[in-house]
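Chemist: Letter by letter, the chains look like this.
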Amino acid sequence: MSQSVLSVRNLSKSFGGLKAVSDVSFDLVKGELLAMIGPNGAGKTTCFNMLNGQLKADAGQVMLNGESILGFSPRKVWRKGVGRTFQITATYASMTVRENVQMALISHHRRTWDIWRPASGQHVEEAMDLLALVGMKEQAERAAAILAYGDLKRLELAIALAHAPELLLMDEPTAGMAPKERVRLMQLTADIVAERNISVLFTEHDMDVVFAHAHRIMVLNRGELIASGSVDEVRNDARVQEVYLGGGTLFEGQAHG
Amino acid sequence: MSFYFAQFLTGLSSASSLFLVACGLSLIFGVSRVVNFAHGSFYMLGAYVAYSLVQYVPGSILGFWGSVIAAALIVALVGVVVEILILKRIYNAPELYQLVATFGVVLVMQDAILLVFGGEDQFGPRAPGLDGVVRIFGEPIPEYDLLLIALGPIVLCGLWLLLNRTRWGVLVRAATLDREMVASLGVNQSWLFTTVFFLGSFLAGLGGALQVPRVSINLLMDLSIIAEAFVVVVIGGMGSIPGAFIAALLIGELNAFGVLVLPQATIVLAFVVMAVVLILRPYGLLGKPETLAHSAGQVELPIRPASTLAKSVAGLLLVGLVIMPFLAGEFAIVLATDVLIFALFAASLHFIMSNGGMVSFGHAAYFGLGAYGAAFVIKYAGGSMEIALLAAPLMAAAGALVFGWFCVRLSGVYMAMLTLAAAQIVWSTAFQWQDLTGGDDGLLGIWPSEWAKSKTAYYYLALVLCGGSILAMRRIIFSPFGYTLRGGRDNPNRTESIGINLRQHQWAGFVMAGMFAGIAGGVYVFSKGSIFPDEAAIPRSVDALVMVLLGGVQTLSGPVVGAGVFRLLEDEISRLDYWRAILGVIIISIVVIAPEGIAGFIRKIAMKAGFEHGEEASS
Chain A
0 MSQSVLSVRN
10 LSKSFGGLKA
20 VSDVSFDLVK
30 GELLAMIGPN
40 GAGKTTCFNM
50 LNGQLKADAG
60 QVMLNGESIL
70 GFSPRKVWRK
80 GVGRTFQITA
90 TYASMTVREN
100 VQMALISHHR
110 RTWDIWRPAS
120 GQHVEEAMDL
130 LALVGMKEQA
140 ERAAAILAYG
150 DLKRLELAIA
160 LAHAPELLLM
170 DEPTAGMAPK
180 ERVRLMQLTA
190 DIVAERNISV
200 LFTEHDMDVV
210 FAHAHRIMVL
220 NRGELIASGS
230 VDEVRNDARV
240 QEVYLGGGTL
250 FEGQAHG
Chain B
0 MSFYFAQFLT
10 GLSSASSLFL
20 VACGLSLIFG
30 VSRVVNFAHG
40 SFYMLGAYVA
50 YSLVQYVPGS
60 ILGFWGSVIA
70 AALIVALVGV
80 VVEILILKRI
90 YNAPELYQLV
100 ATFGVVLVMQ
110 DAILLVFGGE
120 DQFGPRAPGL
130 DGVVRIFGEP
140 IPEYDLLLIA
150 LGPIVLCGLW
160 LLLNRTRWGV
170 LVRAATLDRE
180 MVASLGVNQS
190 WLFTTVFFLG
200 SFLAGLGGAL
210 QVPRVSINLL
220 MDLSIIAEAF
230 VVVVIGGMGS
240 IPGAFIAALL
250 IGELNAFGVL
260 VLPQATIVLA
270 FVVMAVVLIL
280 RPYGLLGKPE
290 TLAHSAGQVE
300 LPIRPASTLA
310 KSVAGLLLVG
320 LVIMPFLAGE
330 FAIVLATDVL
340 IFALFAASLH
350 FIMSNGGMVS
360 FGHAAYFGLG
370 AYGAAFVIKY
380 AGGSMEIALL
390 AAPLMAAAGA
400 LVFGWFCVRL
410 SGVYMAMLTL
420 AAAQIVWSTA
430 FQWQDLTGGD
440 DGLLGIWPSE
450 WAKSKTAYYY
460 LALVLCGGSI
470 LAMRRIIFSP
480 FGYTLRGGRD
490 NPNRTESIGI
500 NLRQHQWAGF
510 VMAGMFAGIA
520 GGVYVFSKGS
530 IFPDEAAIPR
540 SVDALVMVLL
550 GGVQTLSGPV
560 VGAGVFRLLE
570 DEISRLDYWR
580 AILGVIIISI
590 VVIAPEGIAG
600 FIRKIAMKAG
610 FEHGEEASS
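Those sequence lines, one after another, are chains A and B. Counting from 0, one number per residue, gives the positions in the first sequence under numbering that gives the first Met the number 0. Counting from 0, one number per residue, gives the positions in the second sequence under numbering that gives the first Met the number 0.
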């Protein structure tokens with residue numbers, strides 16, 4: 000078994016009496032695209048927020064390349080080489096697309112305390128390369144506030160790649176996009192991470208996207224990990240089918256399609 | 000022991016008075032999200048109306064209690080008029096606009112009250128039947144205080160019943176949680192807001208009317224009560240009535256006992272309590288995190304370096320400023336020096352507020368600190384003007400370093416209130432520390448060095464210092480640091496998640512803004528030759544807000560344009576009677592009619608004509 004980049008053990012979180020995440024353990028190896036699926040309220044985003052440092056875990060262990068990162072603030076987790084995209088896109092509305100990426104680069108190169116040189120001249124080439132990578136080069140000078148939603152998602156991806164992360168956490172990367180565009184964006188992500196050998200943990204509701212791109216799938220239900228394995232293993236798991244009772248036909252349809 | 004008990008009761012009675020005002024403020028904020036500066040004016044109006052009804056209504060048909068109730072009702076109706084005429088139009092505007100507009104109301108009300116009731120302090124009669132004292136443990140306690148002590152809990156219970164046992168109360172509570180939702184459920188929001196405003200103003204009027212037998216009634220009541228009410232509401236939690244009650248008790252008792260320890264500086268104690276509470280519970284004792292009311296604010300455009308046209312205009316302006324003294328008389332030179340100083344003051348506020356999203360309602364603190372810092376060097380250290388002008392930004396930056404540490408822990412209205420309280424501390428210290436600051440008499444005889452004595456020479460000094468500072472700030476705004484602040488304003492989560500310690504940057508930005516305001520204060524004190532506590536008071540802070548607003552919040556050149564227009568305007572109208580009311584009307588009109596400000600308006604025209612590159616924000 001190859002070296003795991005992210006190693007999660009017994010991660011737990013309760014809100015009052017509700018066990019949002021209980022005893023979740025998994026590993027993520029280099030270059031792997033791991034999908035975390037489950038119905039609404041299964042604890043996916045809670046899991047993400049703990050990994051990312053936005054939420055304090057009740058118990059458990061999170062190791063990044065053998066170093067514990069649990070309890071780190073989001074910005075420290077980022078410094079350790081973890082990028083994140085959000086379920087609802089988070090970009091700087093009053094900056095251009097290029098400046099959005101430049102901000103991440105400026106932070107990565109630790110230049111945020113510079114009060115003299117114009118920001119728009121910093122790391123321009125790097126920013127344009129990243130934008131080219133996600134297919135946003137033509138829109139570099141547009142204001143982020145007026146982008147279409149799919150383009151915002153692409154921009155977020157470019158921002159998340161700015162500090163050359165080892166691990167990407169993507170919370171519903173294709174939410175709110177048209178079906179065709181979803182597949183395209185996920186294909187793009189898959190290509191980039193394969194090329195750069197980045198590991199990705201992502202949550203997703205669209206099974207087309209999951210089955211097409213995930214190397215491995217974890218299924219969460221009511222905070223517990225109920226199944227994990229290859230696409231086929233998970234698809235044929237009896238418990239998973241039970242959880243996705245309403246979505247059973249979708250599973251069948253996918254199996255044949 | 001008995002003395003302390005008496006002091007405790009005094010604390011309780013002032014807590015009740017404070018609660019009456021604060022709960023109305025909190026109620027109005029909870030539903031409408033408007034921080035109503037004019038609430039203190041309603042309180043003052045209540046006192047004046049009640050006094051007049053008691054004194055002048057023939058045959059005392061109303062009697063004392065009838066007058067109190069009638070006064071509260073009249074104030075409530077005035078409140079409704081204000082709500083319908085002004086606030087209804089700005090419910091969706093950013094909080095800065097709302098606060099400035101309600102301050103416009105404060106100015107109008109001050110002059111209206113002056114016109115109707117006259118300017119002298121008034122002393123009301125004792126309340127009939129409650130004019131004696133009761134001895135408790137041998138200490139005399141006014142009967143009237145006991146009534147007030149009882150009134151606080153009675154009003155609290157009444158409000159609780161109203162909010163929890165009536166249909167109206169359910170709607171108000173729902174609107175406090177989520178007003179968009181309430182609107183989409185088919186509730187007539189407009190009506191709901193008006194009724195809440197009626198009740199809130201009634202309580203403020205009642206609070207004021209009940210003060211008639213206790214204190215002298217004067218034209219300073221409005222701002223002094225509003226600062227205290229802000230402290231109470233912030234400690235209790237914006238929108239929480241029980242929170243306001245607990246906080247009023249806390250502050251009331253703190254004042255009663257603090258007076259024994261630190262008689263000069265009870266507001267400092269209140270601030271310390273407020274700061275401690277906010278650090279432990281950022282939303283106040285019983286407050287909840289602000290539900291992000293996504294106001295339909297304009298989408299802001301990316302900032303761009305000045306276009307050729309803008310650069311040439313700025314160049315022409317600079318040339319004009321340099322040759323001005325050769326063409327104009329002494330009066331114009333003095334006025335122009337003033338404009339330069341206030342342009343820097345406004346630009347320093349714009350720097351954190353517009354660029355950094357940190358709304359400061361107490362920016363005059365740093366202007367005042369700079370001015371006093373410079374004055375101290377001259378008065379007590381025997382230093383020269385040059386050293387004093389160095390001390391000014393240092394003193395202001397030191398103040399901003401301390402207050403900023405607390406302020407950047409908060410955001411939105413909470414931060415605004417805390418900055419205001421910080422400025423009140425500076426003001427009251429300057430006002431009360433007679434030995435150091437000369438108190439109300441100020442410090443006089445602070446004149447420039449020999450070479451800068453002439454009006455023209457001083458004008459050039461101001462041009463270099465203020466102009467240079469403004470250009471430096473502009474440079475910073477375009478730098479990575481400035482972009483980081485703007486990023487923090489746009490999206491704090493994004494900023495943290497790209498590895499930036501936002502709070503540290505905001506703190507540094509706050510200190511820089513304070514420092515630049517301090518330079519303005521330092522230049523100011525030598526241009527006037529004197530300094531008074533007023534330079535750090537609320538109206539001075541509001542001046543800065545108005546200048547920024549006048550020029551246009553989202554325009555980089557806005558503060559300069561705003562300061563110019565404001566200063567010239569003020570110079571014209573301050574010679575008139577009732578100039579405050581005129582200024583108030585102007586402020587309200589700007590907010591309601593031209594919220595993008597003058598420079599924003601010009602830019603819009605320029606963009607339409609194709610002179611400026613820029614993208615129209617669609618959607």
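Calculated directly from the structure, the hints in this document are not laboratory data. Certain hints may be false.
As the list claims (entries may be wrong) - Computed list of lysine-lysine pairs in DSS-like fashion (alpha-carbon distance at most 30 Å, straight line):
#	chain 1	residue 1	chain 2	residue 2
1	B	Lys287	A	Lys75
2	A	Lys55	A	Lys75
3	A	Lys136	A	Lys55
4	B	Lys310	B	Lys87
5	B	Lys603	B	Lys310
6	B	Lys607	A	Lys136
7	A	Lys29	A	Lys75
8	A	Lys55	A	Lys18
9	B	Lys378	B	Lys603
10	A	Lys55	A	Lys79
11	A	Lys55	B	Lys287
12	A	Lys55	A	Lys179
13	B	Lys287	A	Lys18
14	A	Lys79	A	Lys136
15	B	Lys603	A	Lys136
Claimed, not checked - Derived coverage of chain A by chain B (criterion: at least 3 residues anywhere in the stretch with Cβ under 8 Å from a Cβ of chain B; other residues may be distant):
#	stretch
16	59 to 65
17	110 to 124
18	154 to 162
19	166 to 175
Beta carbons are placed, not taken as given, at the ideal position from N, Cα and C, and that holds for glycine.
Chemist: Among the hints numbered above, which are violated by the structure, and what are their numbers in rising order?
Modeler: Of the numbered hints, 3, 4, 9, 12, 16 and 19 do not hold.
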